[in-house]
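S.K.: Numbering (the UniProt record's numbering), first residue to last: 1 to 885.
You may find that some hints are simply not true.
Stated by the list, open to error - Below, a list of computed lysine-lysine pairs in the BS3-like style, where the Cα atoms sit at most 30 Å apart:
{"id": "1", "residue 1": "261", "residue 2": "399"}
{"id": "2", "residue 1": "177", "residue 2": "153"}
{"id": "3", "residue 1": "528", "residue 2": "553"}
{"id": "4", "residue 1": "699", "residue 2": "885"}
{"id": "5", "residue 1": "683", "residue 2": "694"}
{"id": "6", "residue 1": "476", "residue 2": "324"}
{"id": "7", "residue 1": "563", "residue 2": "528"}
{"id": "8", "residue 1": "563", "residue 2": "258"}
{"id": "9", "residue 1": "312", "residue 2": "324"}
{"id": "10", "residue 1": "170", "residue 2": "153"}
These are computed hints drawn from the structure, not numbers from a lab. Computed from a predicted structure; not experimentally measured.
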Amino acid sequence: QNAPVSPPAQMECPISLTHDGSLLTPSSLVALSALSQLPSLTFHGQYSQFTVDYAPATGLNPDGRGKSCHFEGVDQSGRQSWLSACSLPNLALIVRTADNVYRLRVREDGRFVLIPETQPTCEITAGHRWKRQNRVAKANPDYYSEFAETLQKRRFVEFAFVADHSVYEKYDKDEDKVLERLQTLANMMNSFYKPINIEIRLVYTEVWTDSDKIDVTADSDKTLDAFLQYRKTFLRAHPNDNAHMLTEVRFGDGVIGKAFKGTMCSFDYSGGVNVDHQTDAALVASTIAHEMGHNFGMDHDVDYEGTCKCPKNRAGITHCIMAKSAGWEAPSHWSDCSLNYLQTSLGRGVDLCLLNEPDRSEKAVCGNGVVEEGEDCDCGQAGCNHDCCDATTCQLTAKAQCASGQCCDLQKCRPLDRSTMCRSGTNSCDLPEFCDGETPECPADFFVQDGLQCPDDGEGHCYNGECGSRTDQCRKIWGETGKAATDTCYLTNTQGNIHGNCGYDAHYDNYTACAEQDKFCGRLHCDKDTEAPIFGNPSSVTVANSHFFNRDKNAYESCFVIKTAYETNNKRKHTPGMVLDGTKCGKGKVCLQTKCVNVADLMKTASKCENDCYGHGVCNNVGNCHCENGYGGVACNIPGLGGSVNSNPANMSRGMDVFIITLILLILCLLGFVALTIDYKRKGKGFLPAIIWKEAKEKLKLRGVLVPTRRAPPPPGSRMKKDSLNEAWGEGGVVTYTAHPPPLVSGSAPSDPRGFASPASSPDPLLTKNNYLPHVEYHKPALVAPSSISPRPRDPPPSIPTRPRDSAIVQLHSQHANELGIRSQAPAPPPSKKDSARPAINPPPPPPPHKPKSGSKPLPPAKPSTTGDTPSGGVKGLAARFEKK
């Protein structure tokens, strides 16, 4: 960043400060803050006043050497404020309102004034009030909302700050004054990054009291390279995410700061050098925030009128933090171009080291944003954007049940409903967590048991919540075209160089070679179609490749690897570019810390679940089952709501399985059909099932259901109706004839197969005068339309007449059997009279008179033999005809 050209005219808003009713001067304000107790300050303007409640700033005194004279605060209307009052030269204060940013300045006469940075107005002291509920929407420009999803996650920069010997001399060779300056600058930097949910935590400070430990020259590039090399020397003893050096040496070409782009979290290049170019701490802090913005991947803002959006300041000039040149006023906002660069970098994994919150060494205080002992809530220096917490006391309001936590509904100040997801799974080996409806906190992070196969990968295994899949890992580095390289590529891992290794020690610039049995667990080898990796920043990622000739394919195959400078203190995060733990490295083996081990050995130390969760869930890392909906308990062997006893129920109800849903649908359909049938019957339309069956037979031509039914024979002397047996076959043919029984002769009665016997003395009314069989009338079948009338006779048949004497039947058969071609066997002897089950009854009524014999009628044809092969012979013939049709 370059220095400003000339200072513009500044608007001043006169103001006075009081504490407990006592008027404060600059000296008394410094003296009060030296006591580390600054509960509140009241700002008195020309027409109004407001009070800001302060609390000690966090993360600015890592080793306890500096003074606790840095504060963060918020007033009842939501005005945010940062104050550093360690000494008069380092006295700095920033107040951020909904529409403006004010910076405190001490005039030569000792009076305080506020300098507006964004809008040329003194509305903060003019008596205008603004509603607290609008603070969140107006505190930042409207375009900030476009990046809400990216900025939602909280990130922490563990910051190391070094002052060279020139700065030590500038502040009278007083190390305490230098430390005050460094802490003040870090506090002001925090005011710039807090609106985008990034906190600056000062974890290490160093002052070169004897001499410079590197060559600090006017060449900014050489000074930057030298400082980054020096950072490596103290990085092991004092881990940090980013380090900057402050110097009084003036760089050439008006440069006041320099840093590499996109190198945050890297071992080699995460840092910068800056000039202490102004007395005003806010102006110098904006320069350091600018250079750190480069480390985040941000570029300079250009063309504010067209390309980038940025609010104008009080002079009508558009000026944001990433402007190419610094202004005489400290900028307070990030442009939309800067936020877009930040979003891209975070998406590429530049924040690999920023997700773990540093440990706090300070005592618990209200207003530091962390709920500590004795507090119900703590909204931090920015205050609360809801009515659930009293920011001044860090206690819940009257009707509030909670004021923080991922499971707290800040609109209603009560816990969210049960089964609301509060943390989603990041991959197939990470399990989601749910609210329990009673507490505002989300459960701890649980994941699939180490050693189990990945749910969506047939070869990889889960370890520490990540799936060991080479293909997925290559895609995250190279994009969708990335894929696992051939096994031959992993031979280079035994060489121990940039092309293949089992680890790299950046402190000593040393590669470790893999043992032969561990070669598949070292550097990840991929093949790809893209030019550059999508992971990380090009300045922090080194690409190396090698080639092998595949004789089977008669072609060369490529092996691409990456080496990054990124480091992380998060145990759940692996070193980028190395094969993930849990990746398959042989039959029944997986990688673990660059070693190929047996899966069985890995699972020996893992928690076990009962009977593999009975097939209704997956085992988590503490030995309890994460169940599917409908099952619960520690082993998914009882009815439940899914989820686990650790991550809470996943559903509000058990739901219904397929059988229950099918049964309910069938019942509903049946009830509807019954209702429709009743409606048809009531309207006289007929019986609905019969109508449907009839229509189905006609439409589908269901001849297979037309099976004939054998009916009782007609009574003697009656004519068969048209709906005869032939109609069952749909032919319409009718055979009618009248049969007269043959004359009976006297003799013993033949046996009755039904077990009945007639009296021997029974008369023979069926015999004709000449004991001769009457003729039979034969009619040619005629084609008639099938009758829709039921074939069942409506009138009951007459009673069965008394059986003729057996002697008459025997005589009849003996006389006419040969003539008619009837073969009959001799009847069995009749049962004795005492064994007969037929009761004694009155003689039957006389049979109907026989028709007189007509000489003009032809003789009846002979009755066909039962053994004939004609189609009309008996039931078999009828069946044969049916089958033929």
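S.K.: Against the structure shown, which of the earlier numbered hints fail to hold, in ascending order?
M.R.: 1, 2, 6 and 10
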